[in-house]
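Chains A and B supply the protein sequences, listed in that same order.
Counting from 1, position 15 in the first sequence corresponds to residue 15 in the working numbering; the numbering is continuous, with no gaps.
Counting from 1, position 27 in the second sequence corresponds to residue 27 in the working numbering; the numbering is continuous, with no gaps.
In silico contact screen, one side only, chain B against chain A (beta carbon under 7 angstroms); selected entries:
1. P34
2. K42
3. P44
4. L101
5. T105
6. G106
Hint data in this document are derived by calculation from the structure and do not stem from the laboratory.
Backbone N, C-alpha and C fix where the C-beta goes; we use that ideal spot for every residue, glycine too.
Here are the chains, one letter per residue:
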Amino acid sequence: DGGITQSPKYLFRKEGQNVTLSCEQNLNHDAMYWYRQDPGQGLRLIYYSQIVNDFQKGDIAEGYSVSREKKESFPLTVTSAQKNPTAFYLCASSMNGNSGANVLTFGAGSRLTVL
Amino acid sequence: QQQVKQSPQSLIVQKGGISIINCAYENTAFDYFPWYQQFPGKGPALLIAIRPDVSEKKEGRFTISFNKSAKQFSLHIMDSQPGDSATYFCAAISNFGNEKLTFGTGTRLTIIP
Chain A
1 DGGITQSPKY LFRKEGQNVT LSCEQNLNHD AMYWYRQDPG QGLRLIYYSQ
51 IVNDFQKGDI AEGYSVSREK KESFPLTVTS AQKNPTAFYL CASSMNGNSG
101 ANVLTFGAGS RLTVL
Chain B
1 QQQVKQSPQS LIVQKGGISI INCAYENTAF DYFPWYQQFP GKGPALLIAI
51 RPDVSEKKEG RFTISFNKSA KQFSLHIMDS QPGDSATYFC AAISNFGNEK
101 LTFGTGTRLT IIP
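The following block holds chain A by itself, in its conformation from the complex (with noise of 0.2 angstroms):
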């Protein structure tokens, strides 16, 4: 089946510590996303990545980290500059090209709990 694979999906992290949050899609997808969702909020983008070894910076990039060394790989790191992380974080991917195409397939998400 192809998808998207998120892991952990429940992740407990003490304060001051980088946690890394994994992203693996088989959907031969060039471009990869990071949103993070808080209680009853939208989905606000953190990072994405178009080609490999290339991403930018989303609208809430501070304290999170990113690489796409990888097509099918984007890992998300929640390091301890950022201030409020608990959160809910989806990654997702889309084919590069018209409005289309660019349509997101999400994952099941990851839940960060900073205790």
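Given the structure of chain A, go ahead and fit chain B onto it with the hints provided.
Chain B in isolation, oriented as in the chain A frame:
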């Protein structure tokens, strides 16, 4: 100009009723309008989408109505069921190539018996 405004923020509908969620946009370059459905603890999933060359698209109980002149579009859920209880996001994207989706803020829909 990139915003998509969605209303209401939350909606309670009785089982069997019609649920209506509205979105409005400013960017006339938007040419594809998908709706996403998200259940608690899950990622959003594409529900239905429309292009502005048609005024309505129907898939089962879900219908998108599109008003290009008013720059508004809406999702109608007919015969709403408890299983439809979820958060719904409208979105829009332009045809400039490699653009990103612009999301509305979401509507939390609750269907009561």
